[in-house]
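> Each chain, letter by letter, is given below.
Protein chains: 2
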Amino acid sequence: MPSAEVVSIGTELLLGQVLDTNSQFLAVELAKLGIESYFRSTVGDNKPRIRSVLRQALERSDILITTGGLGPTADDLTTECIADLLETELFFDEEIWDFIKKLFASRNFPIPDSNRKQALRPLGADILHNPVGSAPGMIWKLGEAELTKIGLKDASKPRVILTFPGVPRELTEMWHQIAVPFLRSHFAAGVLWSTELKHYGIGESALAEQYAHLLDLSNPTVAPYAGHAECRLRVTAKASTVEEAKALAAPVLEEIKRDSAHRCYGDDTDTLESVVGRLLKQGSLKLSVAESCTGGLVSQRLTDIPGSSSYIALNVVTYSNEAKMDILRVSQQTLDTEGAVSEKCAEEMAKGALLLGHADLALSITGIAGPDGGTAEKPVGTVFLGLAAKDFYVGKSLKLGKVSGRTEVRFRTSQEALNMVRLFLIDRSLLAPKSLSAKP
Amino acid sequence: MPSAEVVSIGTELLLGQVLDTNSQFLAVELAKLGIESYFRSTVGDNKPRIRSVLRQALERSDILITTGGLGPTADDLTTECIADLLETELFFDEEIWDFIKKLFASRNFPIPDSNRKQALRPLGADILHNPVGSAPGMIWKLGEAELTKIGLKDASKPRVILTFPGVPRELTEMWHQIAVPFLRSHFAAGVLWSTELKHYGIGESALAEQYAHLLDLSNPTVAPYAGHAECRLRVTAKASTVEEAKALAAPVLEEIKRDSAHRCYGDDTDTLESVVGRLLKQGSLKLSVAESCTGGLVSQRLTDIPGSSSYIALNVVTYSNEAKMDILRVSQQTLDTEGAVSEKCAEEMAKGALLLGHADLALSITGIAGPDGGTAEKPVGTVFLGLAAKDFYVGKSLKLGKVSGRTEVRFRTSQEALNMVRLFLIDRSLLAPKSLSAKP
Numbered sequence: 000m001p002s003a004e005v006v007s008i009g010t011e012l013l014l015g016q017v018l019d020t021n022s023q024f025l026a027v028e029l030a031k032l033g034i035e036s037y038f039r040s041t042v043g044d045n046k047p048r049i050r051s052v053l054r055q056a057l058e059r060s061d062i063l064i065t066t067g068g069l070g071p072t073a074d075d076l077t078t079e080c081i082a083d084l085l086e087t088e089l090f091f092d093e094e095i096w097d098f099i100k101k102l103f104a105s106r107n108f109p110i111p112d113s114n115r116k117q118a119l120r121p122l123g124a125d126i127l128h129n130p131v132g133s134a135p136g137m138i139w140k141l142g143e144a145e146l147t148k149i150g151l152k153d154a155s156k157p158r159v160i161l162t163f164p165g166v167p168r169e170l171t172e173m174w175h176q177i178a179v180p181f182l183r184s185h186f187a188a189g190v191l192w193s194t195e196l197k198h199y200g201i202g203e204s205a206l207a208e209q210y211a212h213l214l215d216l217s218n219p220t221v222a223p224y225a226g227h228a229e230c231r232l233r234v235t236a237k238a239s240t241v242e243e244a245k246a247l248a249a250p251v252l253e254e255i256k257r258d259s260a261h262r263c264y265g266d267d268t269d270t271l272e273s274v275v276g277r278l279l280k281q282g283s284l285k286l287s288v289a290e291s292c293t294g295g296l297v298s299q300r301l302t303d304i305p306g307s308s309s310y311i312a313l314n315v316v317t318y319s320n321e322a323k324m325d326i327l328r329v330s331q332q333t334l335d336t337e338g339a340v341s342e343k344c345a346e347e348m349a350k351g352a353l354l355l356g357h358a359d360l361a362l363s364i365t366g367i368a369g370p371d372g373g374t375a376e377k378p379v380g381t382v383f384l385g386l387a388a389k390d391f392y393v394g395k396s397l398k399l400g401k402v403s404g405r406t407e408v409r410f411r412t413s414q415e416a417l418n419m420v421r422l423f424l425i426d427r428s429l430l431a432p433k434s435l436s437a438k439p
Numbered sequence: 000m001p002s003a004e005v006v007s008i009g010t011e012l013l014l015g016q017v018l019d020t021n022s023q024f025l026a027v028e029l030a031k032l033g034i035e036s037y038f039r040s041t042v043g044d045n046k047p048r049i050r051s052v053l054r055q056a057l058e059r060s061d062i063l064i065t066t067g068g069l070g071p072t073a074d075d076l077t078t079e080c081i082a083d084l085l086e087t088e089l090f091f092d093e094e095i096w097d098f099i100k101k102l103f104a105s106r107n108f109p110i111p112d113s114n115r116k117q118a119l120r121p122l123g124a125d126i127l128h129n130p131v132g133s134a135p136g137m138i139w140k141l142g143e144a145e146l147t148k149i150g151l152k153d154a155s156k157p158r159v160i161l162t163f164p165g166v167p168r169e170l171t172e173m174w175h176q177i178a179v180p181f182l183r184s185h186f187a188a189g190v191l192w193s194t195e196l197k198h199y200g201i202g203e204s205a206l207a208e209q210y211a212h213l214l215d216l217s218n219p220t221v222a223p224y225a226g227h228a229e230c231r232l233r234v235t236a237k238a239s240t241v242e243e244a245k246a247l248a249a250p251v252l253e254e255i256k257r258d259s260a261h262r263c264y265g266d267d268t269d270t271l272e273s274v275v276g277r278l279l280k281q282g283s284l285k286l287s288v289a290e291s292c293t294g295g296l297v298s299q300r301l302t303d304i305p306g307s308s309s310y311i312a313l314n315v316v317t318y319s320n321e322a323k324m325d326i327l328r329v330s331q332q333t334l335d336t337e338g339a340v341s342e343k344c345a346e347e348m349a350k351g352a353l354l355l356g357h358a359d360l361a362l363s364i365t366g367i368a369g370p371d372g373g374t375a376e377k378p379v380g381t382v383f384l385g386l387a388a389k390d391f392y393v394g395k396s397l398k399l400g401k402v403s404g405r406t407e408v409r410f411r412t413s414q415e416a417l418n419m420v421r422l423f424l425i426d427r428s429l430l431a432p433k434s435l436s437a438k439p
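Residue numbers (numbering that gives the first Met the number 0), protein chains in the order written: chain G, 0 to 439; chain S, 0 to 439.
Just so you know, these hints were derived from the structure itself, not from any lab.
As the structure is a computational prediction, the values presented were derived from the model and not from experiment.
Each hint should be verified, as a subset may be incorrect.
A partial selection of chain G residues facing chain S, derived with a Cβ cut-off under 7 Å [claimed, not checked]:
{"no.": "1", "residue": "LEU13"}
{"no.": "2", "residue": "ALA26"}
{"no.": "3", "residue": "SER36"}
{"no.": "4", "residue": "ILE311"}
{"no.": "5", "residue": "THR317"}
We put the beta carbon where it would ideally sit given N, CA and C, even for glycine.
From just these sequences and the hints, can you work out the full model?
What follows is the structure, encoded as structure tokens:
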């Protein structure tokens, strides 16, 4: 399999002034073409350093892709460094210059002299046209003669250099229009297709143990990853077409979906809130949420899904005892004897929200998000959840500890709350008391 | 000046499945400490490759910082590769193991055997504690003896290795709590002190024009940045102590705060919600929020602030017309003649929330977040806001356009809503009708 190395050039990247999204874009695109990537490098605007990084990339990969450093200013050094490295001259390319002049004319901009620099091209390299900006790149196919001349290791293996500007919109246009067809015809051996199966209610290491027999597979490969209060199993297959790759992955995906049953809630773009939304829509059901310690987070997540107004009618955030009594009809007695953070209060809140929202299903959350307000009996991170429907109620409690902080207690609670709704909607027996010891 | 190289470890980065935001975070942080960065590298989960990249980084930099590869699974290789590279043994650290066991116990997770791996530490390295997760890192100060043993160039120059997990939240906590004080005491030559003044209600270029005379200063430097629906002016001063740097910056900060008046809402860790919270607390006032299109986002932001239960009593998310009538007493006539997305409905919602929440101040939001639901007269992005107090009411409308998408319409609306409350609390005359044309 051919391999590529992306080298991002620019001091602004090393200062963190710009987030390097080009590298991620190129990584995904290379994987789609079945081109491997073992290394990625970033270097500032400095000639000796750029040269050393470019040389190293050419040594260890078949394809060198650079981003950045093609502009008209003094710190744009990419083209010059490549000519230096390959021990060749730069010449002024009239064809590029004409293109740049036309581009400026079309924008009614006078053309600064400094832009002449962008018409320079190393002898031997081809132009990689830029349809949307003034910085063209190059495509340079390097053969044994050129590579031997500079003393490169494995000089008999051909190499290719492609250079792109750092502006994401220009890079993506040039990539799709020119680089993809070029790479496909010269290198692409097949495709790398991958999907992620998202799990809730199991940790990364437990997931790895459960699927230990799959983690050693070579095609497809299976790897567990920790997410934010959830876990993912990534399944990746290599083949010559996407269809073949999917077919290779299919038996493994089926096995995981079967064995993970209610823990695997979706894939790739699914979120707990989008899955809950889909299930509510399918069942033509309305959900109401009464939140205390999460302060509207669950409501916000649910309503972030387009079309959620069809299944969310009314949610309330009842922080104070008065609001819990006034709006949700939580009893004074419960608040006096059990407190607002209690199993009983969660139950009354859920049942109150069911009535108030004229809903089919109601979720309640009351707890102590911290950092203050904890007691020995109910430390920070103590949360009670309730889920009520007509003829159904289940409660659950969490002890999330204070270590993770207020925002984290709230987020983890929202994950658990959304998952309770999901379990109810796929099979309410999963919420039977015996399963309540399942870990969050 | 000391130099650092960040090495990001993980095949998921080379496949583009994860965007490497840690590198940018670390780049900004290193610059703040006055530590240079000349290179950055990314490598997949492969022992020989990781070792070669780590060795190279140690050769060309004083400080090697790794992210990723500290998890419990077989493809987490960072610690092992560092021990290999430094030709030392791994030992099982009971102190780390105790910490991990406690963490699992606090979350009610059984501890899988594979997590024992995370308690391994190379002989000679110190623990870099992880206060929020099970993957501790290491801090390893390497002297001439250790560097000579492995034949490193410039072995007389001391080096340091710091390892962090790839989970951004864990990395940032460990960075601020442990790495910053460590690096500051060992490496920082002088200090670079900087602060950001956050502005709402003015764009980046207008801000740059207003303070054009400050942007050419050399110490302190002043630079404008676009934020997310807000803008920032960063003021950075260099000196030998923090006190001196602050003194250098002080006159500029005073000027900006004076001239930006009500647009500069705070600095660094301030958010609109924290500033609103502080002002409500100072005035012993209670706020109620009635949201429609923002679906709980404003409530969630307000309650993300510790102690917000003292000024937030009751918030509601009334998506349906029924909920608006039932709970907030919006009139049938208003909904019939003006519709739920209207100035009048916003007013009735705010006044209803004021009564319902027994509040001193109530905010209402109704609009069309999209992607569907827009009309010619009220396109996606049309939002009406209302702010009611005893003897006070002001309304405002926004046209945010559909281009920015549902999440963005919701976020921008929440910024405007929080800023309305803020202006009311600092000087309600800022909300007088004549100022309503101010841009969002």
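> If you take the shortest Cβ to Cβ gap from G/ALA26 to chain S, is it below 7 Å?
At 3 Å from the nearest chain S Cβ, G/ALA26 passes the 7 Å test, so the hint holds.
> Is the shortest C-beta separation between G/ILE311 and chain S less than 7 Å?
holds, 5 Å
> If you take the shortest Cβ to Cβ gap from G/LEU13 to chain S, is it below 7 Å?
Hint on G/LEU13: holds, closest Cβ of chain S at ~5 Å, below 7 Å.
> Hint validation: G/THR317 versus chain S, beta carbon distance must be below 7 Å. Holds or violated?
This interface hint holds because 6 Å falls under the 7 Å limit.
> The hint names G/SER36 as touching chain S; please verify it with the least Cβ-Cβ distance against 7 Å.
Hint on G/SER36: holds, closest Cβ of chain S at ~4 Å, below 7 Å.
Violation of the numbered hints given earlier is absent; every hint is satisfied by the structure.
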